[in-house]
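Visitor: Chain residues, written in single-letter form:
Protein chains: 2
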Amino acid sequence: MTSAQTGPRLARRAAGFTPSAVRDVWELSLQPGMISLAGGNPDLSLMDLDWMAEAAAEAIATRAGSTLQYGSGPGEAALREAIPEVMAAEGILAAPESIQVTSGSQMGLDLIVKLLCDPGDTVVAEGPTYVGALGVFGGAGVQVRHVAMDHDGMVPEDLERLLEELAAASRLPRFVYTVPNFHNPTGITLATARRRAVVEVCRRFGVPIVEDNPYGLLSFTEATRPSLHGLDPDNVLYLGSFSKILSPGLRVGWVCAPPWLRRELQLAAESTTISASGLSQALATAFVRQTPWRESVAAVAARYAERADALCRALEDSLPEGASFSRPAFSRPEGGFFSWVTLPEHWRANELLEAALERNVVFIQGASFFTDGQGAHQLRLAFCSVPPDGLREGVRRLAGAMEQYAAELAADPA
Amino acid sequence: MTSAQTGPRLARRAAGFTPSAVRDVWELSLQPGMISLAGGNPDLSLMDLDWMAEAAAEAIATRAGSTLQYGSGPGEAALREAIPEVMAAEGILAAPESIQVTSGSQMGLDLIVKLLCDPGDTVVAEGPTYVGALGVFGGAGVQVRHVAMDHDGMVPEDLERLLEELAAASRLPRFVYTVPNFHNPTGITLATARRRAVVEVCRRFGVPIVEDNPYGLLSFTEATRPSLHGLDPDNVLYLGSFSKILSPGLRVGWVCAPPWLRRELQLAAESTTISASGLSQALATAFVRQTPWRESVAAVAARYAERADALCRALEDSLPEGASFSRPAFSRPEGGFFSWVTLPEHWRANELLEAALERNVVFIQGASFFTDGQGAHQLRLAFCSVPPDGLREGVRRLAGAMEQYAAELAADPA
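Chains P and W supply the protein sequences, listed in that same order.
Okay, so the first sequence: first residue is 1 according to our numbering, each after it adds one.
Okay, so the second sequence: first residue is 415 according to our numbering, each after it adds one.
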């Protein structure tokens, strides 16, 4: 008997809240001896915790009114003024009045879905896409259609074809959700020409875009690409976050919204959590105002770049030989936290995971990032929270699991 | 042209997010010289801020893994173990595994509505009720029906009559929402016999109860009354909060839920904010574990009791004489933050508010706490954030506004 059967009937949409594969392996990934290539956790040991401890104490001692009291619905004024500076570091222009502070950018997506989607509506997202977005969509009774990706990101022609199909069925999506920079889960970055194409297609169909950019500042190269928001500010809702550059535990993110959604966002935010933690907002503000944060973030990104490089080199050296592996078998991220591995088509990542867990290494299976059954032979590897030596050992264990699994398949091909 | 007209069509339910009257007077209440009887803000000057500053610094310096990293979906284990001690101080038994930590109890209600209500569903609440609950219901497309209150709280016979009416129309509510202790906005407490009656009626109709108890520990008397949750743990979802006993800016609350909703609550919470702020959770845990919190809360409650007494005495001495005021014209709270004033029937609180603002005193008009047009001649006075002298002066100004308004009405009765 499931728990739902012993209580009252739940809402129809309640069944849409499905477990996140990332959260499911949470406990496993904390086991002693386990090398976790699963969670997208920033490495806190790269952060200045002494500064943060002092800043927290100072905010409480000197600014209790804004730090500990009920706060402003759209966010503390000082933070709403600081956030455009963070966006400016990626070349994005934003005004303080466009900023709605949220308890993490996850909540920003929750608010957008509340305001744009009725149950039964459709949204479009890359396939694969961020698993936490799938949770929001599912819990709101919203259907997801995937757009294909290749090594340059979302394929605009596929997006156009999908929008035409949906328009013909009078089911145009309420928005297109995308992670253009160092995509979760693939690590892939949307090419510049495609950004213009995606923005143009969406504008033509009258479909807003939700641009989720938690990783943009963690770039491993000098390359800069225009934000979708910058290309069409009135049609692109932008989600930003302090989780990857300061701390995820503080739960501070934001929506940068065009005028037509600002007041509604504030009302929905107040109705959901009243405000984000004032103490967390004070720390995010202090981070921008009182620290050389651009330099710190660049230094942290350089460490993640070393890890990405260690992971990719190890994969290159270790993946089993043979025509059954596509080339490239894995993505080479230019920033962020993730690489995406494509196994031979007939392999199953969930079966490989069992062999991997026996060897004390854990990853997320690719199917978790799709709603339509794709990804069974793919997997996500996170390199963010493991130093290079650990990554090399993790890949060694993973390669061992692959060899074992390949041998099992060969012995029993049924 | 309103903003919504210039962008894409919003979700049908988006129009249900309406401005909170409490938030609307937020800016006004911060004006220099203004005496605010409006907001239910705890008085932070009664809190030990030195301790809190130290505790925050210590949590960051010594427990960064739980304080600053992505956290556990149901809440940090240490906090889930501490919360039952807080509930035990009101005589409520709860197990750690029944606790879902949220970013304030507002979010707890958001999660419950997500899980129990589809758009078009009905819920039942006291009339008047917490304005923030009306925001959640409206934003989810949920209809509210009010149950009458008297000086002993919700009237069980009226609840039974309403449930019969709704059952006959096949529109049984998804739950009954109630604030049984020191009710917001009226300050009224549900009598013990009525608690048993309300629980019995709801159980008989198969309708769950949502018991919202942010003020329960701020009691001005020795009286204890059973929690609804304690009377029927499997049918009552309980909302608790650290906002009134520690700090609202931290945004830490909880749901204590029966087994049939726990897993669903966790999934919905992860999908909404991933977790509450780890730093805020660390402070709430330290408050329970490292401080004489029962004594501090009792001392703070004693200060609020002085304020309630000062307000009620001032009202008694100052309200204009005459048969046009009902007796009693205001509630005498036994705890919490609020008193509720009933003006003569033909008075309008929104008109009185104009006269009050001219005299630099602000309150919340009663109609804000109803969805059906009741309360136009009623108003909420918050005594929590103003010391006794300020309350006396505030009531003096309010009485002046009443005299002016009464004179205007007499001069122009149309």
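Treat the hints with care, as some may be off.
Unchecked claim - If you only want the chain P side, here are some residues facing chain W, beta carbon under 8 Å, derived:
no.: 1; residue: Gly-71
no.: 2; residue: Asp-118
no.: 3; residue: Glu-157
no.: 4; residue: Arg-161
no.: 5; residue: Pro-248
I should point out that these hints are in silico values taken from the structure, not numbers from a laboratory.
Just so it is clear, CB atoms sit at the ideal spot from N, CA and C, and this is done for glycine as well.
Visitor: Would you mind marking each hint as holding or not holding in the structure?
Guide: Structure-based check of each hint:
1. Satisfaction of the interface hint for Gly-71 (chain P) is found here, the shortest Cβ-Cβ separation to chain W being roughly 6 Å, below the 8 Å cut-off.
2. A cut of 8 Å between beta carbons decides the hint on Asp-118 (chain P): the least distance to chain W is about 5 Å, and the hint holds.
3. The beta carbon of Glu-157 (chain P) is not positioned within 8 Å of any beta carbon in chain W (closest approach about 24 Å), and the interface hint is therefore violated.
4. About 21 Å separates the beta-carbon of Arg-161 (chain P) from the nearest beta-carbon of chain W, more than 8 Å, and the hint is not met.
5. A cut of 8 Å between beta carbons decides the hint on Pro-248 (chain P): the least distance to chain W is about 5 Å, and the hint holds.
The structure is inconsistent with the numbered hints 3 and 4, although it conforms to all the rest.
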